[in-house]
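All chains, full assembly: derive it from the sequences and hints.
Listed in order, the protein sequences are those of chains A, B, C and D.
Using my numbering, you'd call the opening residue of the first sequence number 1 and step up by one each time.
Using my numbering, you'd call the opening residue of the second sequence number 1 and step up by one each time.
Using my numbering, you'd call the opening residue of the third sequence number 1 and step up by one each time.
Using my numbering, you'd call the opening residue of the fourth sequence number 1 and step up by one each time.
There could be a bad hint or two in this list.
Quick list of simulated restraints, FRET-style, between CB atoms [claimed, not checked]:
(1) Gly81/A <-> Asp96/B: 54 to 64 Å
(2) Asn33/D <-> Lys227/B: 54 to 64 Å
(3) Asn150/A <-> Pro214/C: 58 to 68 Å
In case anyone wonders, no lab produced these hints; they're calculated from the structure.
These numbers were taken from a predicted model, which means no experiment stands behind them.
Cβ coordinates follow ideal geometry from the N, Cα and C atoms, glycine included.
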Amino acid sequence: MMINKEVKNAEEAIVDIKDGQTIMLGGFGLCGIPENCIAALVKKGVTNLTCISNNAGVDDFGIGLMLQQRQVKKMIASYVGENAEFERQLLSGELDVELIPQGTLAFRCMAAGYGMPAIFTPAGIGTEVAIGKEVRNFNGKDYLLETAFNADFAIVKAWKGDITGNLIFKGTSRNFNTMMAMAGKITIAEVEELVEPGELDPNQIHVPGVYIHRIFQGSNYEKRIEKKTISK
Amino acid sequence: MMINKEVKNAEEAIVDIKDGQTIMLGGFGLCGIPENCIAALVKKGVTNLTCISNNAGVDDFGIGLMLQQRQVKKMIASYVGENAEFERQLLSGELDVELIPQGTLAFRCMAAGYGMPAIFTPAGIGTEVAIGKEVRNFNGKDYLLETAFNADFAIVKAWKGDITGNLIFKGTSRNFNTMMAMAGKITIAEVEELVEPGELDPNQIHVPGVYIHRIFQGSNYEKRIEKKTISK
Amino acid sequence: MLDKEAIAKRIAKEIQHNSYVNLGIGIPTLVANYIPKNIAVCFQSENGLLGMGPFPTEAEVDADLINAGKQTITMLPGASLFDSAMSFGMIHAQKIDLTILGAMEVSENGDIANWKIPGKMVKGMGGAMDLVASAKNIIVAMQHVNKDGESKLLPNCTLPLTGIRCVKKIVTELAVLAVLPEGGFKLLERAPGVSVDTIKKATLGKLIIEGEIPEMAFD
Amino acid sequence: MLDKEAIAKRIAKEIQHNSYVNLGIGIPTLVANYIPKNIAVCFQSENGLLGMGPFPTEAEVDADLINAGKQTITMLPGASLFDSAMSFGMIHAQKIDLTILGAMEVSENGDIANWKIPGKMVKGMGGAMDLVASAKNIIVAMQHVNKDGESKLLPNCTLPLTGIRCVKKIVTELAVLAVLPEGGFKLLERAPGVSVDTIKKATLGKLIIEGEIPEMAFD
Numbered sequence: 001m002m003i004n005k006e007v008k009n010a011e012e013a014i015v016d017i018k019d020g021q022t023i024m025l026g027g028f029g030l031c032g033i034p035e036n037c038i039a040a041l042v043k044k045g046v047t048n049l050t051c052i053s054n055n056a057g058v059d060d061f062g063i064g065l066m067l068q069q070r071q072v073k074k075m076i077a078s079y080v081g082e083n084a085e086f087e088r089q090l091l092s093g094e095l096d097v098e099l100i101p102q103g104t105l106a107f108r109c110m111a112a113g114y115g116m117p118a119i120f121t122p123a124g125i126g127t128e129v130a131i132g133k134e135v136r137n138f139n140g141k142d143y144l145l146e147t148a149f150n151a152d153f154a155i156v157k158a159w160k161g162d163i164t165g166n167l168i169f170k171g172t173s174r175n176f177n178t179m180m181a182m183a184g185k186i187t188i189a190e191v192e193e194l195v196e197p198g199e200l201d202p203n204q205i206h207v208p209g210v211y212i213h214r215i216f217q218g219s220n221y222e223k224r225i226e227k228k229t230i231s232k
Numbered sequence: 001m002m003i004n005k006e007v008k009n010a011e012e013a014i015v016d017i018k019d020g021q022t023i024m025l026g027g028f029g030l031c032g033i034p035e036n037c038i039a040a041l042v043k044k045g046v047t048n049l050t051c052i053s054n055n056a057g058v059d060d061f062g063i064g065l066m067l068q069q070r071q072v073k074k075m076i077a078s079y080v081g082e083n084a085e086f087e088r089q090l091l092s093g094e095l096d097v098e099l100i101p102q103g104t105l106a107f108r109c110m111a112a113g114y115g116m117p118a119i120f121t122p123a124g125i126g127t128e129v130a131i132g133k134e135v136r137n138f139n140g141k142d143y144l145l146e147t148a149f150n151a152d153f154a155i156v157k158a159w160k161g162d163i164t165g166n167l168i169f170k171g172t173s174r175n176f177n178t179m180m181a182m183a184g185k186i187t188i189a190e191v192e193e194l195v196e197p198g199e200l201d202p203n204q205i206h207v208p209g210v211y212i213h214r215i216f217q218g219s220n221y222e223k224r225i226e227k228k229t230i231s232k
Numbered sequence: 001m002l003d004k005e006a007i008a009k010r011i012a013k014e015i016q017h018n019s020y021v022n023l024g025i026g027i028p029t030l031v032a033n034y035i036p037k038n039i040a041v042c043f044q045s046e047n048g049l050l051g052m053g054p055f056p057t058e059a060e061v062d063a064d065l066i067n068a069g070k071q072t073i074t075m076l077p078g079a080s081l082f083d084s085a086m087s088f089g090m091i092h093a094q095k096i097d098l099t100i101l102g103a104m105e106v107s108e109n110g111d112i113a114n115w116k117i118p119g120k121m122v123k124g125m126g127g128a129m130d131l132v133a134s135a136k137n138i139i140v141a142m143q144h145v146n147k148d149g150e151s152k153l154l155p156n157c158t159l160p161l162t163g164i165r166c167v168k169k170i171v172t173e174l175a176v177l178a179v180l181p182e183g184g185f186k187l188l189e190r191a192p193g194v195s196v197d198t199i200k201k202a203t204l205g206k207l208i209i210e211g212e213i214p215e216m217a218f219d
Numbered sequence: 001m002l003d004k005e006a007i008a009k010r011i012a013k014e015i016q017h018n019s020y021v022n023l024g025i026g027i028p029t030l031v032a033n034y035i036p037k038n039i040a041v042c043f044q045s046e047n048g049l050l051g052m053g054p055f056p057t058e059a060e061v062d063a064d065l066i067n068a069g070k071q072t073i074t075m076l077p078g079a080s081l082f083d084s085a086m087s088f089g090m091i092h093a094q095k096i097d098l099t100i101l102g103a104m105e106v107s108e109n110g111d112i113a114n115w116k117i118p119g120k121m122v123k124g125m126g127g128a129m130d131l132v133a134s135a136k137n138i139i140v141a142m143q144h145v146n147k148d149g150e151s152k153l154l155p156n157c158t159l160p161l162t163g164i165r166c167v168k169k170i171v172t173e174l175a176v177l178a179v180l181p182e183g184g185f186k187l188l189e190r191a192p193g194v195s196v197d198t199i200k201k202a203t204l205g206k207l208i209i210e211g212e213i214p215e216m217a218f219d
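Now the structure itself:
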């Protein structure tokens, strides 16, 4: 008998996310973001969240929608431009932000998914990122000790998935989704196409189902493009 | 213009491997081992090698062929059973062996491929593996600090590859091949089928070509099965 | 006294619905044959496979598809393949719910020795040290006594350790025992026809017996 | 004085045959347009792509395929996709031969500042701190002076640092300069029509001038 992770929709998937929890959200810019779950979080109105995500969306899409509703207490990200509401809340002191190098963000997620309590990275050595952190020299080079993230939920978006939780991504929408999927204490995956076990090639699975706790087929994906750029 | 890593054959791929160097060899048991390169190493007669590989082959196949020719000075592995010649050389003191947990082997390769000088693992805590190693407690649990491997060459075997070095594996032959491919100062890949760039789906590449320095299409793969087991 | 198949059958009852399980070599491998139809379980092979199926037919044999014991195997629908780093990553991140493995010795505080006998050729620990360092739940399938009749459930292991304070339950030819967090083997069940006294004599470590000890039931 | 396109064109000459290159946002992105036909080069986008091609046609636009600047892009034959951990893993393992990026300030010992201006909204460092911490070779494309005419090639950076002792070469609207391991900006080439004296006045950090300084050549 097969392990079945399917839930009906985003509302059911996020039903037990509570005020004050820490949530990882996959995506890079607006590419590969869990649109359905973000909409459900906005509808549910959960607040005081700490969000770990590479970016904070734009004013009217992605995590920007949660910022509009003042649902985010703290943002951990590598880049938060392109968002006027974010800037307003930050300057007014409503929002706390922790900016970390993009690779450090990726590795701190990966560490959680690999059961590693911490990792070493050279990123940030000699900069303000290193303040208060342990520096260690290996073979003549300095590294920062960075700890694994500890998130209550990870919410990711894949291209295809099966009901056992196996995920396949498309293009550059893989980005942080794989490591976050592996890192959440509870991981929710929304997919564009949900299939039966056996329909996905085992050799092409990007995230094995063991990491996924809930999965559903999303709907009405807008997949907004932030900077459409065309060859001249 | 495309970066082209193609070499003619195993002899050309291993031409500059020298006595006394450290070599990683992919594979688990006899599954996914670089048969062509092993044959070429035997033919070349290079000696005093330190081999990092999960296993040491069997008496007459895999790394066992190199053991027969006394080419291996030291073996770093997680399991070395099923090999009488290995046992003989070990007991006679001709061969040095360092046994390490299988996950530690995987992570020390991965660390090298990710530019991490060391990683933390709970494997071996409280055992003789921990002797002389740094132990560190995170959140109430002890971990060993294990350093990244530093290999002169990594030799891996994939199912398909293209001339830019992109690799795709099949079944459980992926095992250590991916991490070792990423870890070698110089990485040699032999593949069952070598194709032109564009023939492999970019979304299904297991190891991007950037990690691969030389690639060739092998021949006469025996793909010996160590323990053929049939349903009753 | 239980034979190997019966030990496997009894262990199979421990497997929870919707769980991910890693089976070691030997008796643990047999456990897969006794999973009830209504229990959803997914077997991991630490060489890079989730969703391991039965051994193949002659026609299905694939040199590129083996388990951690190097035996040819098959995949079930929903299977996934990955490399050894991800495999041990999911083990260390405690995504695997249960590990079932063999042992030469277990101590009353849950230490396990199963990889090395001084003076004998040492083959290596393989993935065992990783599994015992991280599994949420570890069940050991082992013989209660060695061939000289000496207990293998000890106050302290005499052999080099594989891991410490990790074994949660033991199923032997004589009994089912829990290893208590505070130390000690708590007798839970007797093998059919085996007396508590026989188990007492076969257990050198601290044995805890409370109330009536039932015989094992197999279904 | 060079315009942005000319700076990009000059930097393109630095790209070695058979190299993997990461291009930052702004002028560095333009470098891809000037790679000679006989030079094999593969561009990495740190959000998870090797083998980045030109911007798409209207028909090719794919929301699931963007570069690190969030622009829609295409893939060339031989491209590969991966996640951000592997992407920064290959950066830190020094598999990327060359990083080209912009800077607000560079110091004479190779420190770079390009992510934060105190008092202004801070958008974040993105992947810049990772790239400068690990790239084997770093070339900076920047303006020699700010809009008030003040030098951005300094004894020490005044802005918060992105990385230390990492910049190897600088191409500005006025000159090409190497950052010496022992410290100092060594003047290598002048922009067409720009005098050594102009460069001297525009460089606050230690400037090293040896012998005749040639004008840049573009092909």
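Results of checking the hints against the structure:
1. Gly81/A <-> Asp96/B: 54 to 64 Å: holds (55 Å)
2. Asn33/D <-> Lys227/B: 54 to 64 Å: With Cβ atoms ~57 Å apart, the hint holds.
3. Asn150/A <-> Pro214/C: 58 to 68 Å: violated (42 Å)
Hint compliance for this structure: hint 3 alone is broken.
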